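Enquirer: One letter stands for each residue in the lines below.
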Amino acid sequence: MSAIRWSYAINQWKPQFDDFVRREQHERALKTLSIAGFEGVELTYGTGRWEPLGNPQQLAANFGSVAGFGDFLRSCAVDAVSSWYWDPAERSMEDLTGPLSPLAEADAPAIAQRAGVLAGALAELGGSVLLVRPVPGAGDVEPLDDDALDRVAACWDAAGRATAEHGVRLALHVDFLSALRRDHVPRLVDRTDPALVGLALDTGELTAGGIDPLGVIAAYGDRIAHVQFKDALAVDDAEEYLQPHAHWTVRVRGGAREVPRWFAEPGADGGLVDFPAVTRALLDAGYSGWIVVESDQSPHPAASALLAGYLVQRELAPLVAEAVRA
Amino acid sequence: MDHWRSNGPAGPVDQWHSHRTMSAFLKQIKATGFDAIDTFDFRIWQMYGDYGGPAKYQEMVRDHGLERIVNTFHAADYDVRNYAPHLPETHENILEDFRVTMGRWSEIELDNIIVMPATLYYDMEPITEDKIKYTAECWNKVGEITAGFGVRLTCHHEFFCGIQSEPDLETFYSHTDDRYVSLFVDTAQHCIASVDPVAFYRRHAHRVSGFHFKDTRDVATGDDHRHRPDSEIMAPTTGKWFHEMGTPHGLVDFEAMMTAVRDNGYRGWISVEHDKANKEGGDYSESTAISRWYAKNVLEEIYR
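Residue numbers (our numbering), protein chains in the order written: chain D, 780 to 1105; chain P, 3 to 306.
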């Protein structure tokens, strides 16, 4: 019996910090993903007054309360916030804190506390997974030795304990710039408590990092707590992720090749991910939970959402239904 | 309805640009929950050139999970020299056009061929009863031709055409034969022309063969309806007459419209239209989604 629910990541509507700040823009985006067949939305953490959907304090400032945002969601025919993505290296203007690092033992309590706050809001909005960036980018930290991995694992176990109090799973989201790329992923996952920490499978990030998502499902199917379906249009085969500040120079600027767009909605022209195969593998691995479809960024967000909705409705959801019948 | 633009690498393109852009268009229409499409009559040349004809093109439509092409809009190039329904001496030319046109479409099943039944307002004014009567006679004959092909001839009154005011609409329908001339209610066009589309529909429901559900935020004022050379995109009062259903500050009362549709037991297709949705920063994909969201979450609660 599969219990897969489909959600859509709203981050593609916000390419720049001063975009997507007005209520009517949120309403149109939510109605668009609703009519495309998605029942949930994934939020991305942000801070400050131009991030109305970025954190619980901003939700309250804009919608009266977290519950008020829930009412707004339902008025747009969206059932839930499926999940929230949070990189602790993002500062918090609301809490007057700078970047937090899971590599720093002293930051671990604050990270766990902040994860708990996000999880509390998430639970109130019907969500079940807090995604975190488990370590900084590969080019921004020293290579991760055993001690570093132990500290990171302890940090996320503690954060997972805090989110579990709200019934929310914590999932490690390894992106294509991560210091965990390739063989570090197992070394961290194996150090964490399976009851507290899961893995987020992001098809686009893995593929852009030269990692086959099917291999990850085969090796860690039982640890997958969350899934993101986005396509990859290019692979960082020159290992530019090892450069400092790759978040800007590689992800945003496109690296030496100036890749115009690393990611796109599933099924986009030139996409490298085989989504029916990934869906079947997840079903075979017994995955249940949210699959969040995303484009990451898009020159045309509404079109990306509708094209993804078409793929889900016509190809992927029927695979799930078929598995349920079997 | 057929209007659509998307961003190509060299700038905006319509869905007929390539098979790929057509596929993306059909996928988005299907993804939002629409069941079928309407098209413009002049697209038939691209259907022949790129797809092998209307039937072959319709196969592609069906491959994307949509049922079929329901209506085609015959966007004629009216000209008082040779093609103007209020001028009897041009009627034979118009009739011949429809004989040929209906033959071209005969390989698929259409419900309606939609026409703007009068020339541009400034080419017909002053609007007299005689001119309206000649126009009605023309469409009675055209409707007989289309009926022979199993297709209803239906009239869609743009706010800038010669027959758009309430008295002129009533005169026109009093002279047309309801066996051959149907009414196609475009909610926004009537609103812009200061005609209440709900009341107008209720009066003529028995001969309504379809709808364009779209909204507007503006009523035409002054010479908007007769602005030369064009009212639709060149009127000085607004750069964007049309908005998708569900838009804030829309003037069409769609809930009342849907209630009237229910009360009259209408059975058939309702077409949703985004006419020039890309003007002033709009977006066809988003307008399609918002309007279909509105239809599903508001209108279908009234009558499904």
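It is worth saying that the hints were derived from the structure and are not from the lab.
Quantities reported herein were computed from a predicted structural model and do not represent experimental measurements.
Every residue, glycine too, gets a C-beta built ideally from N, C-alpha and C.
Hints may be right or wrong, so weigh each one.
To be verified - Covered stretches of chain P (in silico footprint by chain D; criterion: 3 or more residues with CB under 8 Å from a CB of chain D, positions within the stretch not fixed):
#1 33-43
#2 140-154
#3 266-280
As the list claims (entries may be wrong) - Some chain D residues near chain P, calculated using beta-carbon distances under 7 Å:
#4 Arg802
#5 Thr811
#6 Ile814
#7 Ala815
#8 Gly849
#9 Phe851
#10 Arg853
#11 His1079
#12 Ala1081
#13 Leu1086
To be verified - For lysine to any residue, the following SDA-like pairs were computed, each having C-alpha atoms within a straight-line distance of at most 25 Å:
#14 Lys298(P) to Phe851(D)
#15 Lys298(P) to Cys855(D)
#16 Lys298(P) to Asp858(D)
#17 Lys242(P) to His1079(D)
#18 Lys298(P) to Asp926(D)
#19 Lys135(P) to Arg181(P)
#20 Lys298(P) to Met3(P)
Enquirer: Which constraints among the numbered hints does this structure fail? Numbers only, ascending.
Expert: 2, 3, 4, 8, 9, 10, 18
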